[in-house]
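Visitor: Please build the complete structure, drawing on both the sequences and the hints.
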Amino acid sequence: MEKVAFIINPFSAKKNYQPFLNELKNKVQNPLYYISESILGTYDFIDKHFDEVDFFVAIGGDGTISTVAKQLINTEKVLAIFPAGSGNGFSNETQFSKNLDELLDKLKAKKSRKIDTFTVNGRLSINVSGTGFDGKVVKEFEKTNRGFKNYIKVSLKTFFSYKPIKLKFFDENYKQYNGKYLMVNIANTRQFGNNAYIAPMASKSDGLVDMVLVKKFPLTYSPLFAFRMFTKKLKEDDYITYLPVSEIEFKVNTKNWHLDGEFNKIKSPIHVKVQPSSLNILI
Numbered sequence: 001m002e003k004v005a006f007i008i009n010p011f012s013a014k015k016n017y018q019p020f021l022n023e024l025k026n027k028v029q030n031p032l033y034y035i036s037e038s039i040l041g042t043y044d045f046i047d048k049h050f051d052e053v054d055f056f057v058a059i060g061g062d063g064t065i066s067t068v069a070k071q072l073i074n075t076e077k078v079l080a081i082f083p084a085g086s087g088n089g090f091s092n093e094t095q096f097s098k099n100l101d102e103l104l105d106k107l108k109a110k111k112s113r114k115i116d117t118f119t120v121n122g123r124l125s126i127n128v129s130g131t132g133f134d135g136k137v138v139k140e141f142e143k144t145n146r147g148f149k150n151y152i153k154v155s156l157k158t159f160f161s162y163k164p165i166k167l168k169f170f171d172e173n174y175k176q177y178n179g180k181y182l183m184v185n186i187a188n189t190r191q192f193g194n195n196a197y198i199a200p201m202a203s204k205s206d207g208l209v210d211m212v213l214v215k216k217f218p219l220t221y222s223p224l225f226a227f228r229m230f231t232k233k234l235k236e237d238d239y240i241t242y243l244p245v246s247e248i249e250f251k252v253n254t255k256n257w258h259l260d261g262e263f264n265k266i267k268s269p270i271h272v273k274v275q276p277s278s279l280n281i282l283i
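Once you know that position 204 of the sequence shown is 204 in my numbering, the rest is easy, because the numbers rise by one and skip nothing.
Simulated from the structure, these hints should not be mistaken for laboratory data.
Cβ atoms here follow ideal geometry from the backbone N, Cα and C, with glycine treated the same way.
Worth double-checking, as some hints may not be accurate.
As the list claims (entries may be wrong) - When the alpha-carbon atoms are kept at most 30 Å apart in a straight line, the in silico DSSO-like pairs for lysine-lysine are as follows:
(1) K157 - K233
(2) K70 - K251
(3) K232 - K175
(4) K168 - K273
(5) K166 - K273
(6) K139 - K98
(7) K70 - K108
What the hints assert, rightly or not - Derived CB-CB ranges, DEER-like:
(8) E140 - Y221: 16 to 24 Å
(9) S205 - D51: 26 to 34 Å
(10) T75 - G207: 16 to 24 Å
Guide: Rendered as structure tokens:
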């Protein structure tokens, strides 16, 4: 497999990457791999091997995958994934499992297809990004040991204290949606991760993202919201609005964002733009 490179985030999967590496060495002769020391280190590794490698495999969560994807945008190089994150939203949406044999079979078949990505003020996102409540949750979540249970704990604690953000669109066609929201999400795929489907109708190959506007809802609505989110049944109602867009500009009174689950500071005005068929992924 001389045309495949494996990029391992050693901090994913509770820092327990050694079993994957041992299995890889047992099943692939002299695999080309890199245990990432930093984002810049990952970039340097990809640049060094770019001409000789056709398939770059990201071993980690959505943040790791996004880091690798940044170097592959608008090229014929193919992104593959071995999910090892806390949510694995993008992996779930692109049918990658924690089965190395299955991944190796896909690599041997060499089939790929192009999907959309998008940018937030020029910063790449491949899955779901957002601001407001979930931007704050990600900021607090990064202070924990991660994991689904900690995510739920942080979410509940944040929900009760969080004040809605103010959103203002520049386009006259969207000014009716100006107002206060619990969170604003930009969804290229359907889920955050952990099978929590914030945008059940989103498609990663239609040239659009779903902008999801969620108003702060009463505690009594929470069970219904959670049930619908985990059963792919969220829909527009008094608290949720979906706006399919290819490009949009707006202002929010917070700098706290998450891009594919990674905390970022992004200053308004915000410019979201879809990049159609810009990333080649293994299928």
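Visitor: Work down the list of hints and note, for each, if the structure agrees.
Guide: Structure-based check of all given hints:
1. K157 - K233: Holds. K157 to K233 sits at ~25 Å (cutoff 30 Å).
2. K70 - K251: holds (25 Å)
3. K232 - K175: Given that 30 Å is the threshold and the Cα spacing comes to 28 Å, the pair holds.
4. K168 - K273: Holds, at about 17 Å.
5. K166 - K273: Answer holds: K166 to K273 is near 21 Å, not above 30 Å.
6. K139 - K98: Satisfied, since the Cα-Cα distance of roughly 27 Å is no more than 30 Å.
7. K70 - K108: holds (24 Å)
8. E140 - Y221: 16 to 24 Å: holds (22 Å)
9. S205 - D51: 26 to 34 Å: The hint (26 to 34 Å, Cβ to Cβ) holds, given that S205 and D51 are roughly 28 Å apart.
10. T75 - G207: 16 to 24 Å: holds (19 Å)
In summary, the structure agrees with every hint in the numbered list given earlier.
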